[in-house]
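Listed below, chain by chain, are the residues.
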Amino acid sequence: MVANEINMKGAEVKSTIDPKTVKLVSKRRRVTLPQWGTAWIVLIPALIFICLFMLYPIINTFLYAFIQDFQYAKGAGSFALGQFISTITNGPARNAAFGFNNFVLALENSVFRQSILNTAILTIVEVPLTIIVSLLIATFLNSIKVLKGFYQTIFFLPYVTNTIALGLIFNIAFSKTPGGFVNILLHDVFGVQDPINWLSSAPYKIGGPTATKFTQGVVLVIYSLWNGIAFKILVFMSGLATIDKQYSDAAKIDGASGFTIWRRITLPLLSPQILYITITSFIGSFKMYTGVMSVYQGINADAYYFGGDKGNDWIPVVGWIYKQLDADQLRPGIASAASLILLAIIMVITAAQFAVSKKRVHY
Amino acid sequence: MAEKALYFADDKSRRLYLAKTIIVKVLVYLFLTIFALFLLAPFVLMIVGSFVNAKAFDVFKNTADFSQLGFANWGFSNYAEVFKDTYVNNLGQTVPKSGNNFPVFFLNTFIVAVGSTTVTVVTAVLAAFAFARLEFKGKEALFALLLATMMIPGEMMVITNFTTVSKLGWTNTFSALIFVHGVSVFYVFYLRQTFQQIPNELYLAAKVDGVSDIGYLWKVMIPIAMPTITTIIILSMMGSWNSFVWPNLVANGTWMNKKGGHSMLLVSNGLRLLFSQGSENLEAIKIAGSMVISIPLFIIFICFRKYIMRGVSRSGIKG
Amino acid sequence: MDVRIENLTKTFVGKKGVETTAVNKMNFTIPDGKLVGLLGPSGCGKSTTLYMIAGLHKPTDGHIWFGDEDVTNVPPENRGIGLVFQNYALYPHLSVRQNIEFPLDNVRLTGPFGEEENRLFDAVHDKKTTEKDLARTKKALAKAEKSKASLEAKIAAHEGEEDEIFLAQKDKLAVAVQTIESSTKRIASLEEHLVYCDGEIAKAQENLDKAKAAFEELKVSDPEAAAKKALRKLSKADKDAIALEMAKVVDIDQYLDRKPKELSGGQQQRVAIARALSKKPRVLLLDEPLSNLDARLRLQTREEIKRIQRETGITTVFVTHDQEEAMSISDFIVVMKLGVVQQIDEPQKVYDEPANLFVAKFLGSPAINVFDGEIKGGKLLLNGKVIDEDKVFGKEDRKVKLAVRPESFDYDKKGGDVPVTVTSVEHIGRDITVNGHITDQENHVKVIIPSALRNEILGKPEISFKARRFYVFEETGERIK
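Chains A, B and C, in that order, are what the protein sequence lines are. With the numbering used here applied, the first sequence corresponds to residues 1 to 363, in that order. With the numbering used here applied, the second sequence corresponds to residues 1 to 319, in that order. With the numbering used here applied, the third sequence corresponds to residues 1 to 481, in that order.
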C-alpha cells in the first residue's frame, strides 16, 4: 500500500520518499510561449478597452469636429467630402463636408465664448491662490512635530469627500437667508447688516438684492480652495520629505533665517513638484465642471445650471460641452469642435509653462 | 529643539532667540488651526444639519435663531426620511416619492465599484506586467502611446463614448458604467513602476525552476506588489463611489427588463435626485442624504489612510 | 556527471547593431563532482558563461554537454541545475520553507521511465530548435548571397570610381562575404548537430522501450513496487521532508518559518543554496555567492560552500572576481579575460605556473611585481645585470617582462640581483613588507620577508634582493619558459 494515498481526516500524512536519495525530474512543459506571445496575450484586455474607449474616441472627436452633415454652402473653407465619399464608395449621397464649420458654429456661440472667459477668470484666480495656500500649509506642517499626523489627516479630508454632497453644504452655508452660516458670520463678526444673496437669482425678500456675478465668483473660489488644496498639500509634503535635511542644516550653520532657507533652498528644491502641481492645476481647472455644478445644485437641479436667470452666469467650458450632448440638442460635432478648442488651450498653456519653467526648475 | 546645536554669545540673545522661536511656533499653529477649522466647518454643518430635525433647521435658516439647533431638536428623523419612499405633503397626504430609493443606489454603486475595480485591476496588472517584465517588439512605442493618452482631456473621449454606449445599447446598464473606464493608464503606469522594482534575479530564479511567465506574475509579482494593488483597489473603489459625470450622462434612468424597471442611479446621482425633489425634502433631509453617502468613504479613509495617501502622493512624484 | 564546454561563443548585439563578444570560443571540461571557480575581472564574460550553462542565455555558437547529453537547446528548467544569485534572489513574500519548496512544484518523482521519457522529449525539442536555427541561418545565407551578387554587379559597373558611395558598397560587400562564410560554417555545424539529434532520439527511444519492457515485467511480479515508483507529484509531506533535509544540510533548519528579511545575509545565502539544491540538481551554479557578505562571513560561508559541495558531491561551478576566494575553495579554476580563457588548472598550479602575464598579475595578493628586463645573447638581464646564469633563453635579443611574487625574494647580506630603492617599510607582525621601486625603473616593488630580518634592513636606502623564483614574459604577455 502506498501510505501517501491514505489521507484520512486528522491523520498525518507521512512522506514515503527518502529526501536524501530521492530522484526528481522536472516536468516537461509541452507548450512554451515566447515572451512576446505572452506579452500580447496579457495586453489584449487593456488594449481592447484602450482602442475602443480611448483611441477610437480621440480619433473620432477629430472626425466629428471636422466632418459633419451641414450645408455645404455654409461651410467655411470646406469641400464636399461627403460627395467624394459617396462617389468612391458608390453609396448614398451625403451632405457631409470637411471643414471648420463646427469650430465657427462653436465660436459664434456667445455662451461658449462666455464659458471660456468664465473658466479663464476662475483659473487665474484660483490656481495661484490654492498653490500658495497649500505650499504654506505644507511648509508649516513639515516644520512641526506635535499633532502633525492629525493636521495632515484633516487637510486630506476634502480629497475623500463626495463632490455632490459637498456642493450642497456650500450652497446651504452660503444661503441668502439671515440664517445662512456665512451671513451669520458676517453679521456677528463684521457687523454686516443685510444678508447677502450669494448665489440665487431670486431675491430673499421682495426688492432685495439678487446674486451678482461677483458674489457667485467669491463662492466658487472659496469652494475650489476648499476642494483643491488636499492633493496639493500631499504632493508638496512628499516633495518636502525627499529634501535632505543636510541642506537646511548647512544653511542654518551659515546663519540663514528660516524664511531665507525656505526661499533660497526649500523652494528651488521643491520646484519639480511646484511645476507638476501648476501644470496639473491649470489643466484640472480648465476642465472644471462638477464643482461649479454642485455648488448651484441646491438652487436649480438642472445639471447644466450655472447661476443667473439663464443658468449661464458661470458656465464653464466643459459644462457647455456636456450641454451639447443633452438629449434634446445632441450636437456632437460642435461639442467635439469645442473640446478640441479646449485641448488647444490646454496644450498652449502647458507648453508655455514648460518654456517658462526651463530656467527655474531644478531637477 | 533646534537651539541645542547653536551657540549664543550671551544669555540675552539666547532668550531673544527662544522667544522668537516660540512666537513663530505659535503663529504656525494658529495658521494651521484656522485653516483646519475652515476645512472642518462644512463637516460640522453636515453633522449638525443631518441630526437637527428638518422643521427646526428650516426655522433657523430664516431667523438665525441658534436655539433651534439645540440638542433638544436632535434625532434621527432626517435619516429615516432619506430612506423612506413616501413623504407627507402640505395637505397632510402620504405621497410616494419619485424614484427615491437609497438602498438601490447603494447596491448599484456597490456593483459598479466592485465590477469596475475588478476590471481595472485585472487590466492594469496584466498590462503593467507586460511593460515591466516582458520583452516584445513595439513595447516602447506602445507605452509612449499610452502615456500620450494621459495628456488628452477625458472630455474629448466622453463625446464619442457617449454615442458608442447608445449604439451598443448600453444606456442605463452596468456595462456602460463598468467597461468604458475598464482601463486606467495611470494605474498601469503606477503598477509598472512597482513591478520594475522587483529584482530581475527573482525572474531568472523562477525560470530555472520551470515557472512560466504567467506563473511568475501570479506566484511572485502579484504577492510582492500587493500593497500597491491594495492602494489601486481602494482608489478605484473611491472613484466609483464619487463618480458623477459619466453615470449622469449614460445611466440616469431606469433599466427596463421583462419583469419591470430597475433604477440605475449611483449614490451621487441619487443624491442629486434627492436634492431636486425640493418640495418633497427640506434642506436638513438633503444634508442627511449627503451624510449617508459620505460616511462609507470616511470609514474607508480612516481604515486605509496610509494606502490612500501613498497612492495619491505617488501620482505627484513622477512630475 | 561532467560538464563540457565546447567552442562556446556569445555575442551580444547592441542597440546600434554593434556586436560585442562576451565569450569567445571557450573550451573546458568540469570533471564530475568537482568545484570549479570561474575567475576574472568584471566584464570578462564569466557570468555570461554561467548563465549559458544555466540556459538563461542562448549561446551564439558552440555546445554545452552535461555528461553525454547536449543541453545547448534544453531550456533551463529541464537541465537539472540549481542556481544561486549574488543577491540571493529569495522570494520576499515566502517563508524560508516555502522558498526551499518553491522549485518542487514543477518536479516529479522519477517514474519507472521518467528519465528516459524526458531524455526523448529533450532530444525532440533539441531537433526542432536546431531545425529552426538551420532554417534561419539558411535564410540569412540566401540573403547575403543575393546582396553579394547585386553588390558585385554594382561594383563592377562602377569600377574605378573611388568615391564614397563606391567605398561604402565595398564595405557592404565585405560584410556580406563574412556573413556567407560564418553562415556556411554554422549550417555545417547545425547539420552535424541534427545527425546527433537523430541518433539521440533513436537512443532515447530505445532506452525508453527497454525501460517500459522492464517495467511491464516488474509490474507483473511486484505491483506494489511498481506503484511506488510511479511518476507523481510530490505531496506536501514529501516537500516538507525535502525542505527539512536541505535546511539541515545548510544548517538553517531552525529558521524554516521565518521570512528572508528576518535572516542575516549569510543565512539568506544558505537558504538560497538550499533552494537551489532542493530539486536535486545535476549541476550547482553560484554567481558571485560571497560578494554581498562582509569579510568575516565571507570566510565562514566559503568553507560552508566547500563542505556542502563535498557532502552532496554535486558538480559545482561558481563565478567570482576575488582570486583569494577562488583559490581557497576550488578544485579547479578557470581564469578568464575579455571572453577568452587564459588558463585552467588547479589553483596552486595556476599560481605557481601562470600561463601569461595577465594570470600572473591577477592571482596573488599583494600582486606580483613586474619589471622591465631584456634578453641578450640568451641571457636574462635586469638593469644590465644577468639574472640566473644557469637559465638560457631564446637566441633573439628583445625586451621582456620579468615578474617576481612579493614572497619570492630572499635577503642576502652579500646582496642580490634585484636592486630596490626603499620608500617605506610596513610591519605586519609575521612579515615585513618593503615598498619601493627598482633602481632606475619606475616599477613599484613590494617585497615580503620574514620579520626576523627586521634589524638587517632597517634604515637602508637601497637593498638588493635575490629573486628565488621568477617568471619571464614577452612584451605581449606570453610566458617564456
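The hints are simulated quantities; they were obtained by calculation from the structure and are not laboratory data. Backbone N, C-alpha and C fix where the C-beta goes; we use that ideal spot for every residue, glycine too. There may be inaccurate statements among the hints.
Claimed, not checked - Residues from chain C that keep clear of chain B, each with C-beta distances beyond 10 Å, as calculated:
id: 1; residue: N106
id: 2; residue: R275
id: 3; residue: K279
id: 4; residue: R398
id: 5; residue: D417
Unchecked claim - Derived DSSO-like pairs (lysine-lysine); straight-line CA-CA distance at most 30 Å:
id: 6; chain 1: C; residue 1: K154; chain 2: C; residue 2: K132
id: 7; chain 1: A; residue 1: K148; chain 2: B; residue 2: K219
id: 8; chain 1: C; residue 1: K203; chain 2: A; residue 2: K27
id: 9; chain 1: C; residue 1: K236; chain 2: A; residue 2: K27
id: 10; chain 1: C; residue 1: K154; chain 2: C; residue 2: K128
id: 11; chain 1: B; residue 1: K219; chain 2: A; residue 2: K20
id: 12; chain 1: A; residue 1: K20; chain 2: C; residue 2: K259
id: 13; chain 1: C; residue 1: K25; chain 2: C; residue 2: K128
id: 14; chain 1: C; residue 1: K203; chain 2: A; residue 2: K23
id: 15; chain 1: C; residue 1: K337; chain 2: C; residue 2: K399
id: 16; chain 1: C; residue 1: K203; chain 2: C; residue 2: K143
id: 17; chain 1: A; residue 1: K20; chain 2: C; residue 2: K399
id: 18; chain 1: B; residue 1: K20; chain 2: A; residue 2: K252
id: 19; chain 1: C; residue 1: K261; chain 2: A; residue 2: K245
id: 20; chain 1: C; residue 1: K132; chain 2: C; residue 2: K58
Verification of the hints:
1. N106: violated, 4 Å
2. R275: violated, 8 Å
3. K279: violated, 7 Å
4. R398: holds, 49 Å
5. D417: holds, 52 Å
6. K154(C) x K132(C): violated, 33 Å
7. K148(A) x K219(B): violated, 39 Å
8. K203(C) x K27(A): Within the cut-off at roughly 21 Å; holds.
9. K236(C) x K27(A): holds, 17 Å
10. K154(C) x K128(C): violated, 39 Å
11. K219(B) x K20(A): Given that 30 Å is the threshold and the Cα spacing comes to 27 Å, the pair holds.
12. K20(A) x K259(C): holds, 25 Å
13. K25(C) x K128(C): Holds: K25(C) and K128(C) sit about 24 Å apart, inside 30 Å.
14. K203(C) x K23(A): Between K203(C) and K23(A) the Cα gap is close to 22 Å, so the pair holds against 30 Å.
15. K337(C) x K399(C): Within the cut-off at roughly 24 Å; holds.
16. K203(C) x K143(C): violated, 37 Å
17. K20(A) x K399(C): Since the Cα atoms of K20(A) and K399(C) sit roughly 60 Å apart, the hinted pair is violated (cutoff 30 Å).
18. K20(B) x K252(A): holds, 15 Å
19. K261(C) x K245(A): Roughly 29 Å between the alpha carbons, so the hint for K261(C) and K245(A) holds.
20. K132(C) x K58(C): holds, 14 Å
Against the hints set out earlier in the document, violations occur for numbers 1, 2, 3, 6, 7, 10, 16 and 17.
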